[in-house]
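A.B. asks: Given the structure of chain A, go ahead and fit chain B onto it with the hints provided.
Residue numbers (the working numbering), protein chains in the order written: chain A, 7 to 114; chain B, 55 to 167.
The reader is advised that the hints may include incorrect statements.
Unchecked claim - Beta-carbon label-pair distances, calculated as ranges: (1) S134(B) - G22(A): 48 to 54 Å; (2) K111(B) - K113(A): 38 to 44 Å; (3) V106(B) - S58(A): 25 to 31 Å; (4) S36(A) - K68(B): 32 to 38 Å; (5) T66(A) - K111(B): 32 to 38 Å; (6) E69(B) - D68(A): 45 to 51 Å; (7) D84(B) - H56(A): 21 to 27 Å.
Unchecked claim - Under 7 Å between C-beta atoms, here's a sample of chain B residues computed to sit facing chain A: (8) Q95; (9) F142; (10) G154; (11) E160.
Think of the hints as simulated: they come from the structure by calculation, not from any bench. For every residue, glycine included, the Cβ atom is placed at its ideal position computed from N, Cα and C.
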Amino acid sequence: AQRVTQPEKLLSVFKGAPVELKCNYSYSGSPELFWYVQYSRQRLQLLLRHISRESIKGFTADLNKGETSFHLKKPFAQEEDSAMYYCALSYNNNDMRFGAGTRLTVKP
Amino acid sequence: DGGITQSPKYLFRKEGQNVTLSCEQNLNHDAMYWYRQDPGQGLRLIYYSQIVNDFQKGDIAEGYSVSREKKESFPLTVTSAQKNPTAFYLCASSGQGHTGELFFGEGSRLTVL
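The shape of chain A in the complex, shown without the other chains:
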């Protein structure tokens, strides 16, 4: 069963424009949600986690339990943000499931 949904496979914005990468999840318990990023020729790495309520590289994500969403946002996209982004859900102690990913392209 698909637990994490990223509806956009591709997303393209211009430099300086706001960007939002969507993520919805299905889980009846208390979810732990994350965003992972994979830059070109680099390993997949953690970008941010909802529990930390942090902003990393200008990105933020708010957990909305009512809408079961965890969208990733940045007010002004930069070219170096171009990458593959994965939303991930952790439940049942160390069981981590990923969405299909969204490829973000930031055009100059």
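C.D. replies: Positioned in the frame of chain A, the structure of chain B alone reads:
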């Protein structure tokens, strides 16, 4: 250099052959994972292990097998029963104190000829 090491990076196999992908970590992490990455499908969990000598099936375990005899090693065998084995395979680990943070290897690309 600490981290996760996967080998080989590229592997070719004939149909009907089993092949084993290696994953080693020196991060002293308890949990290790194997994912399969296909275009448009993201990462799908094959197997994961929370502790030595224990592992659980993920969403697509059929045709795969694993072992966890040592904390630092979690090899994945792609058996001949796996109907569509050509893919990119990623290994990851996580430890206590890194809640939810998975550390990934560089991946292994398996091609079945």
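A.B. asks: Could you run down the list of hints and mark each one as holding or not?
C.D. replies: Hint-by-hint comparison with the structure:
no.: 1; hint: S134(B) - G22(A): 48 to 54 Å; verdict: holds (52 Å)
no.: 2; hint: K111(B) - K113(A): 38 to 44 Å; verdict: holds (42 Å)
no.: 3; hint: V106(B) - S58(A): 25 to 31 Å; verdict: holds (29 Å)
no.: 4; hint: S36(A) - K68(B): 32 to 38 Å; verdict: violated (47 Å)
no.: 5; hint: T66(A) - K111(B): 32 to 38 Å; verdict: holds (35 Å)
no.: 6; hint: E69(B) - D68(A): 45 to 51 Å; verdict: holds (48 Å)
no.: 7; hint: D84(B) - H56(A): 21 to 27 Å; verdict: holds (23 Å)
no.: 8; hint: Q95; verdict: holds (6 Å)
no.: 9; hint: F142; verdict: violated (11 Å)
no.: 10; hint: G154; verdict: holds (5 Å)
no.: 11; hint: E160; verdict: holds (6 Å)
Checked against the numbered hints given earlier, this structure breaks hints 4, 9; the rest are met.
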